[in-house]
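Given the structure of chain U, go ahead and fit chain A onto it with the hints provided.
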Amino acid sequence: MSIQKVQNNKAWFMVLPVLILVAISAIIPLMTVVNYSVQDTFGGNEFFWVGTEWFQEVLASERFHNALLRTLVFSGLILAIEIPLGILIALAMPKRGWGVSVCLVLMALPLLIPWNVVGTIWQVFGRVDIGLLGHGLASLGIDYNYTQNNLDAWLTLILMDVWHWTSLVVLLCYSGLVSIPEVYYQAARIDGASRWAVFRFIQLPKIKRVLLIAVLLRFMDSFMIYTEPFVVTGGGPGNITSFLSIDLVQMAVGQFDLGPAAAMSLIYFLIILLICWVFYTVMTSYDNDEQSSGGGAQ
Amino acid sequence: MASIQLQSLAHRYPSAPDYALRSMQQTWSDGGAYALLGPSGCGKTTLLNIISGLLKPSEGRVLFDDIDVTDLTTEQRNIAQVFQFPVVYDTMTVAENLAFPLHNRGIAKNEIEKRVADVLQMLDLQDRANDRARSLTADDKQKISLGRGLVRTDVQAILFDEPLTVIDPHLKWQLRTELKKIHQRFQHTMIYVTHDQTEALTFADQVIVMYEGAVVQIGTPQQLFETPEHTFVGRFIGSPGMNVLSCEVDASDAIFAGKRFPLSKTVDASASRFELGIRPEHIKLSAGDGMPLTVTALEDVGRHVIVRGEIEGTELSTLVKDGDTIPQNPHVSFDSAHVNLYADDYRVASGKGG
Chain U
1 MSIQKVQNNK
11 AWFMVLPVLI
21 LVAISAIIPL
31 MTVVNYSVQD
41 TFGGNEFFWV
51 GTEWFQEVLA
61 SERFHNALLR
71 TLVFSGLILA
81 IEIPLGILIA
91 LAMPKRGWGV
101 SVCLVLMALP
111 LLIPWNVVGT
121 IWQVFGRVDI
131 GLLGHGLASL
141 GIDYNYTQNN
151 LDAWLTLILM
161 DVWHWTSLVV
171 LLCYSGLVSI
181 PEVYYQAARI
191 DGASRWAVFR
201 FIQLPKIKRV
211 LLIAVLLRFM
221 DSFMIYTEPF
231 VVTGGGPGNI
241 TSFLSIDLVQ
251 MAVGQFDLGP
261 AAAMSLIYFL
271 IILLICWVFY
281 TVMTSYDNDE
291 QSSGGGAQ
Chain A
1 MASIQLQSLA
11 HRYPSAPDYA
21 LRSMQQTWSD
31 GGAYALLGPS
41 GCGKTTLLNI
51 ISGLLKPSEG
61 RVLFDDIDVT
71 DLTTEQRNIA
81 QVFQFPVVYD
91 TMTVAENLAF
101 PLHNRGIAKN
111 EIEKRVADVL
121 QMLDLQDRAN
131 DRARSLTADD
141 KQKISLGRGL
151 VRTDVQAILF
161 DEPLTVIDPH
171 LKWQLRTELK
181 KIHQRFQHTM
191 IYVTHDQTEA
201 LTFADQVIVM
211 YEGAVVQIGT
221 PQQLFETPEH
231 TFVGRFIGSP
241 GMNVLSCEVD
251 ASDAIFAGKR
261 FPLSKTVDAS
271 ASRFELGIRP
281 EHIKLSAGDG
291 MPLTVTALED
301 VGRHVIVRGE
311 IEGTELSTLV
321 KDGDTIPQNP
331 HVSFDSAHVN
341 LYADDYRVAS
351 GKGG
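For the record, the sequence lines run as chains U and A.
Note that my numbering gives residue 292 to position 292 of the first sequence, counting from 1, and the numbers run on in steps of one.
Note that my numbering gives residue 170 to position 170 of the second sequence, counting from 1, and the numbers run on in steps of one.
Here chain A stands alone, though its shape is the one from the complex:
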């Protein structure tokens, strides 16, 4: 187990016009459970492959416990990685598959047997131990892929690259819980790549949000929700995401639709673009109190109804509890303590409470 440091790390694929990963400076602590969250193509997998050594970064260094491993091979780094699609060795049995990484490292036979039995139990595959791996379902195959990572107890870190994509929803939940348990038990440094926010938020202590090759925020699920540092984080986290509304700034006030929102501090007005961020959860819908809303659509998602509408041509969504009625002449008011101000996409101030 190790802490992972990325020093001025950046990557550009040969002949690609732009960087796949923009220069980043990160330290991830030993034994932490991290989730790399971001849309497809934001560089998550590239970053993961650089950490595991499958890809050599074009710039910067990777350090495990302060030791530079940038030039080491995957084997030398002693990393476990689980891929998006199941990889099993067709000709081997389930047990042989799990024993394979240990076998390759010359670990004693009885030790191998013990650990394989352990992992078989963890993944609930005892009954299939002697079946050929290729006769299993996709779910079980992916369990084997996971198992080959978990069977190695001495790894520096375990990396997961969207490992639950092919898994059935009900099993997804179960496996995620299992992974969480395994993390608590062995305290491996775990990095979990996903584009599914639920997965990221339930798995990780710290969520690293990536956008267009850059890390835009690291924080606990709560921080990501309350104070998104970048408009992308606000939009990406939460369902529906944060409302990002074009606004103007006058000293320590943000002005949206003619209404002033006092800010925590005076903002330098030199940025080219100001936006107000407010989560749908923090918008109150009422009859005749606040800004008039033109409702354009309603989406019933079960527990609540998403109300989509417009204020002076700016789109906005809010929530009402299932069963609550939407007033005839709807107006909205923002909870000003939960307002955030963004200058050129980065958060510069929050709303003043009360």
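One chain only, chain U, in its complex shape:
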């Protein structure tokens, strides 16, 4: 280093408040979990170093595999239903006039309801004795009971999540759609494009960015879902709706197995991070291709 640069390290103090906040809200709790995940205790506040044993145990356990599989299937189904459905509804919504505000309010309603209330609503809604859905189906002669039948339990949870969260996808897609300039549609009419071509070549590419956000949010939320299934099915019947989060709480709070639970939380966290990264990379790879090959324009 031949050139002496003037350094002013005072600037570091500026980021101190943020560092403190992040430390309290994220780093310290996370480190506590890390701390638990590498130790064992027999009570009395005595801890023993166990290294990666808990991680190995969790990764090898069938219970974890099953819960992970259930959660993956649940998230997969949620994305497969909510994303296309959300796009369809957004496309069908009016672009101007009084209908816009009506639709937006209707769409926003489910999002305003707290998770546990949503769970309670559906728990009651689906009950065969007094629930509108459950009783209605029963009186139609359909044998429906989410507390006993595995398929019914899954259907209820998926229906509930679709009801609760499709609006989010709709609102995101709608915001993307209304920002497309009218001239694109005019040009498409001049070019004789079909409705499908308009969607495929104008609307979909233009809403891709918000769609990515929708996919990420819906994946993370559904992968971490806890409150609603806890209220509606409590993980049952049997373990059939015991997703990772429910299983984790059961392990940590129910059985007080802090070590394995901590190891499991970290693995859980890393899986979410990994899958989000995959989604993000896949959905933005196309843009990056262009930037590297085509050169920047606009």
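Every clue listed holds true.
Covered stretches of chain A, as calculated for chain U (at least 3 residues, CB under 8 Å):
(1) 71-77
(2) 90-97
Beyond 10 Å from chain U on every Cβ pair, some chain A residues (computed):
(3) 29
(4) 61
(5) 63
(6) 68
(7) 177
(8) 186
(9) 271
(10) 281
(11) 308
(12) 313
(13) 326
(14) 345
I should point out that these hints are in silico values taken from the structure, not numbers from a laboratory.
For every residue, glycine included, the Cβ atom is placed at its ideal position computed from N, Cα and C.
Frame of chain U, contents of chain A only:
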């Protein structure tokens, strides 16, 4: 290709207080190159969108080759239109963009390839044929927009809505020349909307000047310059525009600043307002010959100097060649053959020559 007829065409946007387009009667011939010229907001784009079918007129009919197309959709009318700002299909390559309108119309593959190759060459985009359209510059994107119109050889007409607004000046010239060539080659009916008089005058055989929703004059560039039918045309065409001077009329003479200008015919004096129109090019500046001019400003625009001044409180501009000196005590005289008389903004008589 088709001739375009507008019969009592007028348009008023819903809930708008006034007409965006006033009732007009027009016939534009097959294969003509027309420019729609006028200031922003005069209804040019509205008229264009009505012709292409993107907008349905509230009154009147649109006919292509004597066939009423008023109720037909844009697709059915088979019109090409290029917009002010580039529209490209982001996910497609340049070649795919150009092929898109043909593809949608079910044209055979080898025919598509041939025409796309043709247009790529015309627009000098061969090297970028397989690049993604969205990686291009604004200029090239607009070329693609143009290309999507030009690739269709069977269109009734090609409409351009200020297509060169976003294009670099040097490229503007080149593309305009290219369009002109394409017009000569294919004899498409072309309508070119612009608010730039140079663009209109160089592109079109016939310039249609619009003002406040009405067509005020149709003519060759020369006619627009020599005999503007409306004071707006006089002011709008030319740089600087025509001088429009309040005057009085006495039988077949116009009187401005105490000076009489003989007219081609006797004028009915019932109009509420008379104005004398004279282009700066037809005003001679000299020392002590004609009306005394009080010079207020000089603008050097390169080839000549614009002299702005006043005669008895009426503003007026004239030109002197760059390098010529402005006399100490400047006087102006009008070339009376190039004087026009306007009654309530419309031309009623011209000056008598000599």
